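The primary structure of each chain is shown beneath.
There are 2 protein chains.
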Amino acid sequence: MSKVFKPSPISGFPEYLPEIRRVEQQWIDHIRAVFESYGFCNIETPAVEEVDVLMAKGETDKEIYCLNRLQADPDDNSDARLALHFDQTVPLARYTAQHFNDLVFPFKRYQIQKVWRGERPQVGRMREFYQCDIDVIAVDNLPLHFDAEMPAVIYEALMGLNIGKVQIKISNRRILIGLLESLGIEDVISTTRIIDKLDKIGVDGVTAGLKDEIGLTDAQIASVLALSTIKTRSAAEVKDKLSALNVENEAFQQGVDELCFVLDYLSSMPEDAMLADLSIVRGLDYYTGTVYETNLLEIPEFTSSVCSGGRYDDLASSYINKKLPGVGISIGLTRLFSVLLEHGYIKAAPRSPADILMAIPSEEKRGLAQETAQALRKRGFKVELYHAPQKIKKQLSYAEKKSIPFVWFPPFEDGQSHEVKNMDGGEQIATTVESFTK
Amino acid sequence: MSKVFKPSPISGFPEYLPEIRRVEQQWIDHIRAVFESYGFCNIETPAVEEVDVLMAKGETDKEIYCLNRLQADPDDNSDARLALHFDQTVPLARYTAQHFNDLVFPFKRYQIQKVWRGERPQVGRMREFYQCDIDVIAVDNLPLHFDAEMPAVIYEALMGLNIGKVQIKISNRRILIGLLESLGIEDVISTTRIIDKLDKIGVDGVTAGLKDEIGLTDAQIASVLALSTIKTRSAAEVKDKLSALNVENEAFQQGVDELCFVLDYLSSMPEDAMLADLSIVRGLDYYTGTVYETNLLEIPEFTSSVCSGGRYDDLASSYINKKLPGVGISIGLTRLFSVLLEHGYIKAAPRSPADILMAIPSEEKRGLAQETAQALRKRGFKVELYHAPQKIKKQLSYAEKKSIPFVWFPPFEDGQSHEVKNMDGGEQIATTVESFTK
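As given, the protein sequences belong to chains A and R, one line each in that order. Going by the working numbering, the first sequence opens with residue 43, and the numbers climb by one from there. Going by the working numbering, the second sequence opens with residue 43, and the numbers climb by one from there.
No lab work stands behind these hints: they were computed from the structure. None of the values given here were measured: they were computed from a predicted structure. Treat the hints loosely; a few may be bogus.
Copies of one chain are not kept apart here, so a pair can be met inside one copy or by any two copies together.
[Unchecked claim] Listed below are the simulated SDA-like cross-link pairs for lysine to any residue, each with C-alpha atoms no more than 20 Å apart in a straight line: (1) 424 to 68; (2) 480 to 75; (3) 443 to 144; (4) 433 to 453; (5) 253 to 142; (6) 443 to 78; (7) 443 to 146; (8) 253 to 313; (9) 433 to 183; (10) 239 to 170; (11) 420 to 244; (12) 436 to 145; (13) 365 to 144; (14) 99 to 50; (15) 364 to 50; (16) 420 to 75; (17) 436 to 146; (18) 407 to 307; (19) 48 to 356; (20) 239 to 317.
Next comes chain A alone, as it looks inside the complex:
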């Protein structure tokens, strides 16, 4: 016997017991069903991309895991440059470019896969996690309809997870960019970075930052704050408040129109479900128009955005000579799930998927038990057949340990009827395969 090597969890690579994994599966199934109900098709890309593909847009700040073979073969460089994907956007861009001629545009795709980041181990820092992405990609022009569809889809996906109320916050980067342009503010990146912190550092913090770090005038700061403190779900209110700023700028006006289209489109959403919040800018330079963030209103432990995204002008120019604008949004599933699990919001599923444990009364009745189980499966029930004609008490105890809700007893003697015991309450009644319902 070889020495026992006691394994321990690897930091950043979550793994669950079956009763928790089942909840995660239910989440994924639900999200997938919602995505498909809006006509998004699924793709799955390999875990691996060429490093050159991952780096095509230049250096990335993401920590990349490269692959190398344990028994490296000096004559073979074929996989010397492979690495695990760190998101699903780069793979989508590469996929769209590579299969361009075989896709129908607007290309509505969803993707639910794990991604990997070579982060240093740290509490709460994930190195392997699921992302659930939807994106719509068009050639040359992407109708604004899709910017408005994203929040509707995401709202339905998140509301089915039983995580309380969610609120999708929407803005349009053109509005702020247009304002800064009209004010003659040149350091757009630093300025938006400070505004992005409005929720955390408040109006005073932002004012100080814009004054001390960027050197804006009081009038400039007043304009910027008048814009970024707008929070409403009314398109009319957005229009009114922004008109009051008297900005003559094309990007600004386009942004206002786009945002108002989206707000009008979503006006039938429930109260609190959606909010125009002009402080949302998203750090990535990538986004060019509509941007989204999403908050959980009833989970105080989850403070950051659970689902973010936006519109971009250029998905894949690193890989193909086409203009491919898109809009997308991504649920950080594993992060959400793990935080909720940690704080006791996730109720474990039963340990077994089975609806029914089929008892075996005696070795002679094994065949009957087997047939009965099969007949119930044909009716759509999940049935575990107990493995041996042991004492009934033992069989019941097994069902209890695995939280199987019903135990079925085929007749012990010919002529008797089938019986089924409800493990929640203990009632045991005569039944038939044809008539049984949960």
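Following the hints, position chain R against chain A.
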């Protein structure tokens, strides 16, 4: 604009268009539903294990992909020893040992994940592929029931894939091992390796191999061949033919009893579905009793076993001081799928999951189209809302390109009725949200 880097497929990492991926998804959904209908619970382990875990049983002949960070941090060795799993058996063993106290035994688990092997690129050689595994793990003793349940589950899983008839071939290693022991043949590994080739090299080839390579006598060879040429689904025939060999050996007798139990248990399976084939030995030393292979009877291009497995005495003694016997079987999903795809056996699914394309007759009717789409989704239909009030011809052509079977027209004028057009045939009729059926 940065230089265009034209991406190309990476050998051994399959990737499909949406209409093919959907078929793969349907396969996985079906297999999963069958596994759950027999009470197997799901687990998912990280893509990554510690190299020490992967190597705990000693060197492996599998090519392992190790991870290293692109921007390696000299102060951090935390992930210096991580590698992608090359199968799901080692992760299952590690998982069972690590979570031993939280699992209920017999532990029936299924696992459907990708595994990776650092193979040299070669036609048909996969470096990333799905495996679909079921295993049952017990503490100390595992009832034979589970050996008999495996083929039933796998048969149902495979028959739902629309790949023609499948045949599960069953043997028990104890029978051959017992015979060799009783004949005084010591080189068991080389002998079984030659017998394993019976299907390929025939009786003459095996005779020559046993004579020239192992030096067996004619009488020994006759006994070995009498055993390994048995092919029947009748337990009685197995018993008769093996009794005729007059073997006095405990392992032999136990193997015969076990195999006959399994055959009896499965006697109600359809003709051709199951066969005792005593030439099946499985190369791995790992298996100790029942062994399985599975052939496709109607796909001549797929000659090897699509699904193999067996019983083992010792799952996890490398990681825990417990005796954990198990029985398991694994479908090599990606290999099967890719061979069938290559030879034209896979019929692509529609390009979109949507049942209905909701047309937008005019900008004013967009709200009505949106509401109608949502009402149909509530009734369980998958509905893509077209993105703009364009010419009807353009909207129909989009539905056609995405193979969406129905196009729905909300009334162009108030007071008119909804209409739906069946794209297969072209009939267009008045309908209502409440009455529509596919």
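Now for the hints, and whether the structure bears them out:
In this homomeric assembly, residue 424 and residue 68 come within 20 Å of each other (Cα to Cα) both inside a single copy, at 16 Å, and across copies, at 19 Å. For a Cα distance limit of 20 Å, the shortest separation of residue 480 from residue 75 across copies, 18 Å, qualifies, whereas the shortest one inside one copy, 24 Å, does not. For a Cα distance limit of 20 Å, the shortest separation of residue 443 from residue 144 across copies, 11 Å, qualifies, whereas the shortest one inside one copy, 51 Å, does not. Only within a single protomer do residue 433 and residue 453 lie at most 20 Å apart by alpha-carbon distance; the minimum there is 15 Å, versus 66 Å between protomers.
Taking the shortest Cα distances, residue 253 and residue 142 never come within 20 Å of each other, neither inside one copy (48 Å) nor across copies (59 Å). Taking identical chains as interchangeable, the C-alpha atoms of residue 443 and residue 78 lie at most 20 Å apart only when they sit on different chains, with a minimum of 17 Å there against 36 Å within one chain. Taking the closest pair of Cα atoms, residue 443 and residue 146 come within 20 Å of each other only across two copies (7 Å); inside a single copy the shortest separation is 50 Å, beyond that limit. With identical chains, the CA atoms of residue 253 and residue 313 are never at most 20 Å apart, being 36 Å at best within one copy and 84 Å at best between copies.
In this homomeric assembly, residue 433 and residue 183 come within 20 Å of each other (Cα to Cα) only across copies, at 17 Å, whereas the closest approach inside a single copy is 70 Å. In this homomeric assembly, residue 239 and residue 170 never come within 20 Å of each other (Cα to Cα): the closest approach is 28 Å inside a single copy and 42 Å across copies. In this homomeric assembly, residue 420 and residue 244 never come within 20 Å of each other (Cα to Cα): the closest approach is 61 Å inside a single copy and 41 Å across copies. When the C-alpha separation of residue 436 and residue 145 is checked against a cutoff of 20 Å, the pair qualifies only between copies, where the shortest distance is 17 Å, while the shortest distance within a copy is 57 Å.
For the identical chains of this complex, residue 365 and residue 144 are intra-copy neighbours only, at 17 Å inside a copy versus 53 Å across copies, given an alpha-carbon limit of 20 Å. Taking the shortest Cα distances, residue 99 and residue 50 sit within 20 Å of each other only across copies (17 Å), while inside one copy they are farther apart (38 Å). Taking CA atoms no more than 20 Å apart as the test, residue 364 paired with residue 50 passes between copies only; the shortest distance there is 17 Å, against 48 Å inside one copy. Only between protomers do residue 420 and residue 75 lie at most 20 Å apart by alpha-carbon distance; the minimum there is 12 Å, versus 24 Å within a single protomer.
Only between protomers do residue 436 and residue 146 lie at most 20 Å apart by alpha-carbon distance; the minimum there is 13 Å, versus 58 Å within a single protomer. Proximity of residue 407 to residue 307 under the C-alpha cut-off of 20 Å is restricted to the inter-copy arrangement: shortest distance 12 Å between copies versus 63 Å within a copy. Only between protomers do residue 48 and residue 356 lie at most 20 Å apart by alpha-carbon distance; the minimum there is 16 Å, versus 49 Å within a single protomer. In this homomeric assembly, residue 239 and residue 317 come within 20 Å of each other (Cα to Cα) only inside a single copy, at 18 Å, whereas the closest approach across copies is 69 Å.
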